[in-house]
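Residue numbers (the working numbering), protein chains in the order written: chain A, 1 to 352; chain B, 1 to 352; chain C, 1 to 352; chain D, 1 to 352.
Hints are computed from structural coordinates only; laboratory data are not their basis. Errors might be hidden in some of the hints.
Note that identical chains are pooled: a pair holds if it fits in a single copy or bridges any two copies.
[What the hints assert, rightly or not] No more than 27 Å apart at the CA atoms, straight line, and that leaves these computed lysine-lysine pairs for DSSO-like:
(1) Lys195 with Lys172
(2) Lys275 with Lys195
(3) Lys172 with Lys59
(4) Lys271 with Lys4
(5) Lys271 with Lys59
(6) Lys59 with Lys275
(7) Lys87 with Lys172
(8) Lys275 with Lys172
4 protein chains.
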Amino acid sequence: MASKVRIGVLGASGYTGAELLRLLLGHPRTEIALLTAERRANHEMRDVFPQFSPYPLPKLLAIDDVDWVGAALDLVFCALPHATTQKVVRAIFAQAPAVKVVDLSADFRLSDVAVYARWYGHEHHAPELQSQAVYGLVEIYRREIRHAHLVANPGCYTTCAQLPLVPLLKAKAIEPDEIIIDAKSGMTGAGRAGKEEMIFAEVSEGFHAYGVGHHRHMAELDQEFSRAAGRDITVTFTPHLVPMNRGILATIYVRGRRGRNASELHATLTKVYAKEPFVHVLPFGQTPQTRHVRGSNMIFIGVANDRVAGRAIIISALDNLTKGASGQAVQNMNVMLGFPEPTGLSQVAMFP
Amino acid sequence: MASKVRIGVLGASGYTGAELLRLLLGHPRTEIALLTAERRANHEMRDVFPQFSPYPLPKLLAIDDVDWVGAALDLVFCALPHATTQKVVRAIFAQAPAVKVVDLSADFRLSDVAVYARWYGHEHHAPELQSQAVYGLVEIYRREIRHAHLVANPGCYTTCAQLPLVPLLKAKAIEPDEIIIDAKSGMTGAGRAGKEEMIFAEVSEGFHAYGVGHHRHMAELDQEFSRAAGRDITVTFTPHLVPMNRGILATIYVRGRRGRNASELHATLTKVYAKEPFVHVLPFGQTPQTRHVRGSNMIFIGVANDRVAGRAIIISALDNLTKGASGQAVQNMNVMLGFPEPTGLSQVAMFP
Amino acid sequence: MASKVRIGVLGASGYTGAELLRLLLGHPRTEIALLTAERRANHEMRDVFPQFSPYPLPKLLAIDDVDWVGAALDLVFCALPHATTQKVVRAIFAQAPAVKVVDLSADFRLSDVAVYARWYGHEHHAPELQSQAVYGLVEIYRREIRHAHLVANPGCYTTCAQLPLVPLLKAKAIEPDEIIIDAKSGMTGAGRAGKEEMIFAEVSEGFHAYGVGHHRHMAELDQEFSRAAGRDITVTFTPHLVPMNRGILATIYVRGRRGRNASELHATLTKVYAKEPFVHVLPFGQTPQTRHVRGSNMIFIGVANDRVAGRAIIISALDNLTKGASGQAVQNMNVMLGFPEPTGLSQVAMFP
Amino acid sequence: MASKVRIGVLGASGYTGAELLRLLLGHPRTEIALLTAERRANHEMRDVFPQFSPYPLPKLLAIDDVDWVGAALDLVFCALPHATTQKVVRAIFAQAPAVKVVDLSADFRLSDVAVYARWYGHEHHAPELQSQAVYGLVEIYRREIRHAHLVANPGCYTTCAQLPLVPLLKAKAIEPDEIIIDAKSGMTGAGRAGKEEMIFAEVSEGFHAYGVGHHRHMAELDQEFSRAAGRDITVTFTPHLVPMNRGILATIYVRGRRGRNASELHATLTKVYAKEPFVHVLPFGQTPQTRHVRGSNMIFIGVANDRVAGRAIIISALDNLTKGASGQAVQNMNVMLGFPEPTGLSQVAMFP
């Protein structure tokens, strides 16, 4: 039996933290060696997530109480709130330079720290690390991730939008200035904080858009779409909240370039993703449902004709906690540590 | 106290039928004199909808058993399945020519019977009535409805899309060829039939689009938008299903004509609807939630800037069973019978 | 047209406050003259509950800023958090002795202030008012409520359990020491505070009991059941949370006394409630669903045989925000002010 | 690597069929060699459950088209509707006597075919097989299952009630005539058939009991509880429907025998289940939530004091599709085929 690597999860009391544990407990090559949770320090994981009651796990620590040398970790997942990770990662690298990091926050996703400062309202706290960070969309940056020390795991919305659109932009198959992304997300994307607008009675039996015209994920979309297209692109993007726990569905309206029709766009995606273990392109005309990827690391992509000539409708679906966050993070870990990419990620979606 | 009119509801065992009864039982000028339900004929309303147990109501009949003369009705609501209403209405008019009809199905919505035949796959069964039918979007056709004998109550999706768009098209304020309507509906819009794809476990905890590129509501949208614009228009329209009971939210992407920005579109809508009792335009930049119109006859409309120059995002929300169906039908009745338009329709939305 | 009374609602930013407004806006004899909300003082009601956007309403005040004399109110509804009402009511009565009060909190429900202190952990702040307070279960205490100045509106769970059980205890029809109440509630019963355990992702797709063996509502049950039975009674009561917004269902297990069977219990309830406008006893063997009373002021009660000889199962259902709180409060107001009891409360349940 | 056994799943288009596939695709010792689905014969699994799109699986067959000899199966799971399995199993055994069968229906659960006939309204179709069938509650009948050829997988409700109660009855720790089981189930327990009462709008936002006083699961409870107690027992049992997909929670009211209190009952269960991989007894006073076992094969059991002297409240929770059906079926398979019992069943619950 192969030996196990030692893994730390910072921020284990949040949803992406719990999802990491769910996946890592089924991963044959990992040992969960460290867990932190600031407000729940010195509690057991079962106190914050009772589903882990039957499993032995390390006690929750505060980050400041971690002995980074003694912990002897191979890799750390940071599932901390946005803007808190930069200093933490710097401290880890200072004390334990060999440890690798996959960061699930937005802290290292924007390669230009000036853009970061504009969207997040404060200077980047670790610009020297930003330059080393690799953007962790595995299907696009697999080669870079293999040698990365610090990977910035992409956002859930942006993963759902990029996987269908980046290959089409690279192929110059669609008009870059006419992209409209109408995205819908389940509630776990908003985290576990107790806020009035997130309580059950405010969310169930209703539907609404939020952040209309100004959502932080736009910076990440702009960066990656502009890279793919080779010039600056601004897309329309509207997020909505669905009364469900998990899942993102992006309905994407595009216009084919130089007469390319929907079938041709579908053919391009089918070919690009033919061998990817976690990207599944449905037969032409079929469109996905979020429930069919729930709990799995798959993204399903469908392409259909729009009735307006020259236009196509692309719909993609993933589980925001799995392929949109913790599953993709484990996928990044597998690439960084040289494990077969699907290791520990082969769970079939749970439906119903 | 003013005398009451005698009302019949055909198809009382469906959701729009039940919603009609909920509203009519609170309407001071109506008496429910006749109820039909084919498969539940000779049962009581409480057998099919127990919420009516405390209220005295006529027994459910089969339509063929109705004595149209003896019933002495003033107005009939037809809440029957699509394509079954045409012959029924002809039969009613033949026997009781003075009765007025509000039809909630799609049977009389398309003024061109050839278009009807193309979308519905069979010849119209009552073309002579089609020419008399008035399209019942009150805010647009109030004058015609006043004198109508037969009103075709609009569809739920189309009401939600038309009320924000028709005034803008009439004012030539938006580009008619760049309209994208991304619509999301609760499950009651799909009716009460027991189908596998509608059962709880298939619907909850998930989200998906359906009818991508080819949904029958498009014919109605084409007709009304083309009328408003003064030339043929084809819009992009994608419906989705939300795991909730009631509500439609339409996220509409438009481009202003001749430099009109989002604020100007907002100003146009605010002005047009200033005195309408059931259309509420939110302050600029605010967008609506379906839960805040649940069970009411209101439509809420919001307009916001898109980050892409020249474009705007319009979001409208209504309750598909109320303003999108039975509430609008009662509103039509009020206009047809000369009652003050808000009579029996002043219920505040029920949230939470 | 009859003149209108002037009403104040303290705590208008919570769910029972919003429900009071929904009902009062449809009440022909009331004018909403005052609204308070401590944390949202100086905001408009539309800012905290957008469904009220189309309606003119007074601005939200802080209680300390109210001029109780100048407000010239006839009746005040207190929808404040538990333990905060006692001092507020004392202050109101000191300044405006003629105003009547319906309190929706638990503050005045326990007639014995020593019992209050034991369950709530602090001395009662207004014991002199407690002795004047009338327990507002209208069907049981209608006569006392007519002349009351201060009414303690019952709890939602306790209303659901008392209406079926009190008449049976009074009639000595069931064994008082073998009552088990297994109760299930929707989430609005927990209020609007943003707590982790109430957010959507913690509540949806799951079910659990809480307060097992020690829930504050027990004190109220003990008091009223003991009164009804003429001796001290302790019942078993377990509350559970259902992933839905509104509704309480109580499954009650009882044993008939002296050979009384389930049919006889049913007959007793049917007779007692024959003329009550808001209590509906279903035919023997039928049991209710919460959805069929949603948004209405009705309680539905069903009685069925248990398969264990000598036992019966009673199931009652109400909407915790309506008959379980604000609807019952309006019913109390109607009795206190001499209006016909169903005034403003005749809305049919909204299903689906 | 150990060789794989060949598995067939009859009734793969239902929910327990899909759940079997979800588990078996992650089981290292099984190969899915045969799938049947009568109404969907000759379709692919992806057509009836799109989550399986990325996985190669055999085409769906009709049972009559199966070549039982050629299929060379080691074990067959029958996930067919109740009352259809008896003849199918007889046919399988006739043609392929070496194959083992785990039946998920109720067809072989009642050892007395006369009792079966009374509850199901028809003679048992394979009484000679009934006498060989072993009741598949692994924790209770593990020894018998090891050598069984035909295992009757227990029902979901009954598993949830038996695991806490059988050890207490065997230990004569509780009064056998005062057991009340108030059970609540998610919707997948009702199967995948498209019936009006199961559609989303009829189920969401509401709660109700069903089968009050007369539910078929009672026969199974009677049989197993009577065996455990050593004399005939009849329990009170009321099932309810929760608007969620997965999960059963049983709230069980018991009275300790000879002064045994809740702590002692807890101690008995803790001891009995100390080494069971799939039964987790929570610390005394804590009670479980269904969401924390979702998708796992665990049952969580909690015991708390009732406030009524001499009584205790026991609450158990499991996932009706996993430990309540397909997970338990795989557990039975593991025992029958000599695999370590947790093989393929170690998935942590998926929450949120």
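Could you tell me which of the numbered hints above are not met by this structure, giving the numbers in increasing order?
1, 2, 3, 4 and 7
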